Structures are given as C-alpha cells and as structure tokens.
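Each residue of the first sequence is one higher than the one before, starting from 1 at the first, in UniProt numbering.
Read the hints as simulated data drawn from the structure, not as lab findings.
A quick note: this is a predicted structure, and the numbers were derived from the prediction, not measured.
Hints are supplied without guarantee of correctness; some may be wrong.
Claimed, not checked - 20 Å max Cα-Cα, derived DMTMM-like pairs, lysine to aspartate or glutamate:
| # | residue 1 | residue 2 |
| --- | --- | --- |
| 1 | Lys-596 | Glu-511 |
| 2 | Lys-596 | Asp-309 |
| 3 | Lys-420 | Glu-395 |
| 4 | Lys-368 | Asp-449 |
| 5 | Lys-509 | Asp-534 |
| 6 | Lys-420 | Asp-364 |
| 7 | Lys-509 | Asp-472 |
| 8 | Lys-368 | Glu-425 |
Said to hold, decoys possible - What follows is a set of in silico ranges between Cβ atoms, one per label pair, in the way DEER data are often shown:
| # | residue 1 | residue 2 | range |
| --- | --- | --- | --- |
| 9 | Tyr-308 | Lys-368 | 31 to 37 Å |
| 10 | Lys-368 | Asn-438 | 53 to 59 Å |
| 11 | Glu-425 | Arg-601 | 31 to 37 Å |
| 12 | Glu-279 | Ser-378 | 26 to 32 Å |
| 13 | Glu-425 | Gly-541 | 23 to 29 Å |
Yeah, the Cβ is synthetic: ideal placement off N, Cα and C, and Gly gets one too.
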Amino acid sequence: MDKHLSEEDSDNIDWDTEDELEIQDTTFSSCRDLRTNGQYAISGDGEASSSSVPGQSTFIQKFLVMGFSEESIAKAIEQNGENSDLVLDALLTLKAIEDSPEEQPSASPHLEPCINSDDSSSEYNENFLDDVYDEDSWSSDSDYCTNSVKQCYVKEESSSLSEKEQTILFLANMGYPVEEVSIAMERCGPEASVSELTDFIYAAQMARAEDPYLPEDVKPKLNHGSGGYKKRKMFNQLCKSKKPRAIFDEETIRLPKPMIGFGVPTESVSAIVRRTIPEQAFGPPFFYYENVALAPKGVWDTISRFLYDIEPEFVDSKYFCATARKRGYIHNLPTENRFPLLPLPPRTINEALPLTKKWWPSWDPRTKLNCLQTAIGSARLTDRIRKAVEAFDGEPPMRVQKFVLDQCRKWNLVWVGRNKVAPLEPDEFEMLLGFPKNHTRGGGISRTDRYKSLGNSFQVDTVAYHLSVLKDMFPNGMNVLSLFSGIGGAEVALYRLGIQLNNVVSVEKSEVNRNIVRSWWEQTNQRGNLIDFDDVQQLNGDRLEQLIDSCGGFDLLIGGSPCNNLAGSNRVSRDGLEGKESSLFYDYVRILDLVKSIMSRQR
DNA sequence: CCGATGATGAATTGGACC
DNA sequence: GGTCCAATTCATCATCGG
Numbered sequence: 001m002d003k004h005l006s007e008e009d010s011d012n013i014d015w016d017t018e019d020e021l022e023i024q025d026t027t028f029s030s031c032r033d034l035r036t037n038g039q040y041a042i043s044g045d046g047e048a049s050s051s052s053v054p055g056q057s058t059f060i061q062k063f064l065v066m067g068f069s070e071e072s073i074a075k076a077i078e079q080n081g082e083n084s085d086l087v088l089d090a091l092l093t094l095k096a097i098e099d100s101p102e103e104q105p106s107a108s109p110h111l112e113p114c115i116n117s118d119d120s121s122s123e124y125n126e127n128f129l130d131d132v133y134d135e136d137s138w139s140s141d142s143d144y145c146t147n148s149v150k151q152c153y154v155k156e157e158s159s160s161l162s163e164k165e166q167t168i169l170f171l172a173n174m175g176y177p178v179e180e181v182s183i184a185m186e187r188c189g190p191e192a193s194v195s196e197l198t199d200f201i202y203a204a205q206m207a208r209a210e211d212p213y214l215p216e217d218v219k220p221k222l223n224h225g226s227g228g229y230k231k232r233k234m235f236n237q238l239c240k241s242k243k244p245r246a247i248f249d250e251e252t253i254r255l256p257k258p259m260i261g262f263g264v265p266t267e268s269v270s271a272i273v274r275r276t277i278p279e280q281a282f283g284p285p286f287f288y289y290e291n292v293a294l295a296p297k298g299v300w301d302t303i304s305r306f307l308y309d310i311e312p313e314f315v316d317s318k319y320f321c322a323t324a325r326k327r328g329y330i331h332n333l334p335t336e337n338r339f340p341l342l343p344l345p346p347r348t349i350n351e352a353l354p355l356t357k358k359w360w361p362s363w364d365p366r367t368k369l370n371c372l373q374t375a376i377g378s379a380r381l382t383d384r385i386r387k388a389v390e391a392f393d394g395e396p397p398m399r400v401q402k403f404v405l406d407q408c409r410k411w412n413l414v415w416v417g418r419n420k421v422a423p424l425e426p427d428e429f430e431m432l433l434g435f436p437k438n439h440t441r442g443g444g445i446s447r448t449d450r451y452k453s454l455g456n457s458f459q460v461d462t463v464a465y466h467l468s469v470l471k472d473m474f475p476n477g478m479n480v481l482s483l484f485s486g487i488g489g490a491e492v493a494l495y496r497l498g499i500q501l502n503n504v505v506s507v508e509k510s511e512v513n514r515n516i517v518r519s520w521w522e523q524t525n526q527r528g529n530l531i532d533f534d535d536v537q538q539l540n541g542d543r544l545e546q547l548i549d550s551c552g553g554f555d556l557l558i559g560g561s562p563c564n565n566l567a568g569s570n571r572v573s574r575d576g577l578e579g580k581e582s583s584l585f586y587d588y589v590r591i592l593d594l595v596k597s598i599m600s601r602q603r
C-alpha cells in the first residue's frame, strides 16, 4: 500500500530533513509534546541507532534526541553516572524546574518527596488557573499516582498548589496545551492518573488530526507510523522508570487461565461473576468492543482506560468451536442468563472435519485448530511434509514428527489423504467461525480476499453468547451501529439469536466486505434498513445526530477495531495501538462518546 | 492490473529448572 | 530471583504468471 511507510519505520534518524529543526526547537522552547512533535524515532531500548555524531557517545545522543540540552545531559551524567534511568530522572526533574515560571533555586536531581498540603488557595497565576477549571467539580484529593508524580517532579515551592493545579502545571510543563489538559481532566474525572490524562489528550489530538472537516492548518501533526508508537512507548517508559517504581508500575491486565471470560456454556466451571460497571459506562447504548487478546504489553490497559476502566472479558473460542481464537471483549452487557446459539457447533477437529479422521496419524494429538488467520500454508510446505512422512513405513521418527507437527500447528494444516496435509478451505473457515456456508463466496471476491476477510472476523458463536442477553430486552428488535463490520459477524450473530434488526448502520472500509453484508442482508430477507458507510472517520457529530434522529437512537454499538498492528503474526508493522490502522480504536471511543452524549441530550 | 504464492521472526507468556 | 524452552499469533510484502 503506502510505500513510504517502510521509510518511516526506519530506526535511523534522518538528520537531513526539517525534523532536525523541530528537535532543536523542542530543546530550546519548553519541552513540547513528546509524542506528537517531530518525526524522530527511538529504537526500543532507547538507543539512537546508526547515524552517529562524532565525539558524542550514543549514551549522550539518545538524550539529545529526546530534546534535552547538552549542558543538562552532561550535568545529569556527572551526578548520576551512565545509568539511563537515573539520568532521565534527573533530566526530567531539571526540565520541570527550568520550565516552571517561578524562580527556582538549583536543586538536586533527586528531590525528596514533598509533603503536599491540601491547601488549595494560591495566588499563583490566578487567571491562568481560573481558565483551567471550575472550582466545584473537583475534590481536593487526587489519586495516588498523580500525587506521586508531583512528588517526583514538582518542587516544594509549589506544594501550596492544590493537587489539581499541580497536575495541570506538571502536564503544562511537559508541553501539553492547558486547554487540552483541562478537557482531559473533566472527561477522565478527578481520579485520573497522569498516564490516563496524557492518553486522553493524545487520543483527542489524533481524532482531530483525522477529522476531515477540520482545516489542515488547525490539525495537530501526527505520525501514525512506528515513530509515534516508539515515542509513546518511550514516554511510558519514562513514567515507569520513575521512582517510586511500585506506583508507576500500573498493574498490567493479565489473561485468565482458562481463558473463559465470565463463563462459557461448555465448561461446567462457570466463573461466578459479580462485576460492577461504572455509572458512566451504562447505556444507552450498550456497547461491545473486541480485539486480539495477545496484544503488545500495555495495549489492553490503554483500551480499558478509554472504555471506562471496564475489565476486558478474555475468551478463547476453542471453548465454543473447533478452533482457537483468543480475544478480549469489553462491554457493558449483563452477564447473567446467557445462552448459546443452537445447534452447538462441532467442538473438535474430528467432528468439524469428519473426512480427516481417516487419515489422522496417531502421533498427531491435536483436537483443536489454532487461530484462523488471514493467510494459509503454501503448497510447497505441504509437499515437503508429504515427502518427509512418506520416507518412512509406519511412524516417522520423533525428529520428523516434531517438524511436521510444528508446521501443522503453525499453518493449521489438516490430514486429507495418506501422508497428505492441506490448509483449510474458505468454506471450512466459514463453518468454523459460525457463518453460513458460502457467506463470503462469489460476487466478485477472490479466494485470497475470502481468507483475509474471514481471518479478520468474529467467531459468531462466541459473540452471540455474549449478546444473547439482549434478546429478552429487545423483543421489538434493535437499532445497531456496527463499526468495522467486516463480513458482518455482529449482524449474523444477532440474526442467529433471533433478534430483529430494525436499523443497522454498518461502517466498513472494504467494498467487497460491504457487498458481502449487503448480499447476506438481502438473502436473509431482512425487513429493516441497512445503511452503509465506508469510513469511521466520516462519522462526525452532525452525521451521527442525523442518524440518531432518523432511527430513534442506537441500542447497541458493536465493533472490533483493526488488529493488524497488534497481532503477533505481523512481522512488519506490529506498532501497537498507535499503529496506522489499529489507532482507529480511538475513533471507536470517539463515536461511543458522541453517541452517548447525543442520546443523553435527546432524552 | 489482479490474484495467487512463498518468504519473512519477534513479542509475549507460561512452565520447568536452577 | 534468573534462564532456558515451548507454544502461539484477526499479517505484509515482493514477485510472478495470466
């Protein structure tokens, strides 16, 4: 697609472009937005790679690249030695002090934690603060994390400021526009940590950058490539490397074992779930968000933060069908009285693909397939496997068995003849994922595209199980806003549950996918209206208001945003949540917020 | 141009072991 | 604690033939 992307991915620092000016700019102006300014990229460990400046060690260079002055770096190294964490700590402290509007005595890089008084009265820059917040919407106590940040960064002289003022000051010193900090604090609430606030600000900037109705010169500069991700990662790393460590090590969301979420129909050990959903998260509408469970570190923490801190429900679809599919779901649906789709799908390879039973060797212990992906094994590979197995009468030696099994697991190969393995057919994909046969067949879609669309889809039985609680609640049918619809996994799930679809607004980039959904809609004789959009970014407030006006509001907002920058199979651009496609998650959040506010206004 | 094909690892987690 | 091993993973790209 975009050829230039690979160039952006480079870890090399391009000193010949205007980016250099921006870097120097950040050095001498205040420390501006670390994540959205400039185009430089830092490799994962913080080492600046390749282009070396004579006379400077890479240790110094990496701090120069971050925008610190040579003088400060030298000072920090002198005091702390060549320890990255300590030096960064010192530099950030110095930066906070330098950028502070008040006169500062020189301070040691490691400040003693200061005791913050709860006295919120201050004459300091009163007008400035008046613009920033309104007094009664905030309590005087802030959360532990925010507090500790200030203990680390803010000098004692500002301890007379309220918690909130200090947070604003801190973020302003980091280069975040005060207005945006203010908005973020209102939106995230008084309990929000600095990390949450910066996340929100970043998302807001990103959403604005993508708003097609904003003039170009108003948009913040964003880099959707890996550079932005790395800067962000670096920022998080900065936070995490601060002391006291325990406070910044926000607990990472862990995957449950077994991965059955809040319960599956097949396991007798149903997890007894009493979960509390924050009031803000209550509908209308109900919402349901999905993505890969095995995302890079911290991604689900971020996703959860943006979706009201709701705990993700991690479920492996191998408890529903014959193929694994480890996914996380965040939703505000009730979890009591779920029921599965009938008939129950086959749960083993044997049952799902009976013709393979005859050829299945005793030394292949698989009963479940691995995750169905977007590409299949090559003919050359199956040929190699045939030759390897053919060379022996009876059981091949362990060495060969291991090779064959490894490849079969990797590529989801099944036994279709004597010594013959093969990748799954597209219609087998459809069946395993719970779609009607030929759902993706014909109408101008290629075989390759079928694999791709199916590999990117929901497992219908899994999602339907979660959505089943809606059936009794909406006996007269539902209005559904379906984002990133793909081949219509959500629509198929609701339909198979017997839930009437009154109005479905479906947003899907791919034309072949839209055709598939449209075709399914007609074939199943739907009475309701199916409205197409091709781009989530075109769904702004005005358009949503129109849609909500015309259909009377949405009952369900459902969708799984692009996973390709999160998925383990991606060797090229696994850039995390800020990746080119996966960052569309923030549009899900944006649209959810818009729908909620429009609907609450109209009630 | 389109569609099919084959080559291309790393990140993460969990368990065994020391 | 640390270290190694095993398992898993909604993919991307250049290339080639029609």
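task = Take the C-alpha atoms of Lys-596 and Glu-511, compute the straight-line distance between them, and say whether it is at most 20 Å.
result = Violated, at roughly 28 Å.
message = Check whether the Cα positions of Lys-420 and Asp-364 lie no farther apart than 20 Å.
response = holds (13 Å)
request  = Hint says 31 to 37 Å; check whether the CB-CB distance for Tyr-308 and Lys-368 agrees.
outcome  = holds (33 Å)
query = Between Glu-425 and Arg-601, is the Cβ distance one that fits in 31 to 37 Å?
reply = violated (50 Å)
key: Given hint Glu-425 paired with Lys-368 - CA-CA distance at most 20 Å   = Given pair Lys-368, Glu-425 holds - Cα atoms ~16 Å apart, limit 20 Å.
ask   = CB of Lys-368 to CB of Asn-438, is that within 53 to 59 Å?
value = Check failed, 25 Å falls outside 53 to 59 Å.
task = For the range 23 to 29 Å, tell me whether the beta carbons of Glu-425 and Gly-541 fit it or not.
result = For Gly-541 against Glu-425, whose Cβ atoms are near 44 Å apart, the range 23 to 29 Å is violated.
message = What's the verdict on Lys-420 and Glu-395, does the C-alpha distance respect the 20 Å limit or exceed it?
response = Holds: Lys-420 and Glu-395 sit about 14 Å apart, inside 20 Å.
request  = For Glu-279 and Ser-378, compare the CB-CB distance with the range 26 to 32 Å and indicate the outcome.
outcome  = Hint violated: Cβ distance 53 Å, outside 26 to 32 Å.
message = With the threshold set at 20 Å, check whether the alpha-carbon distance from Lys-509 to Asp-472 stays at or below it.
response = violated (32 Å)
Given pair status - Asp-534, Lys-509, alpha carbons within 20 Å = Given that 20 Å is the threshold and the Cα spacing comes to 4 Å, the pair holds.
inquiry  = Tell me if the straight-line CA distance from Lys-596 to Asp-309 falls inside 20 Å.
reply    = Cα-Cα ~17 Å, so holds.
Against the hints set out earlier in the document, violations occur for numbers 1, 4, 7, 10, 11, 12 and 13.
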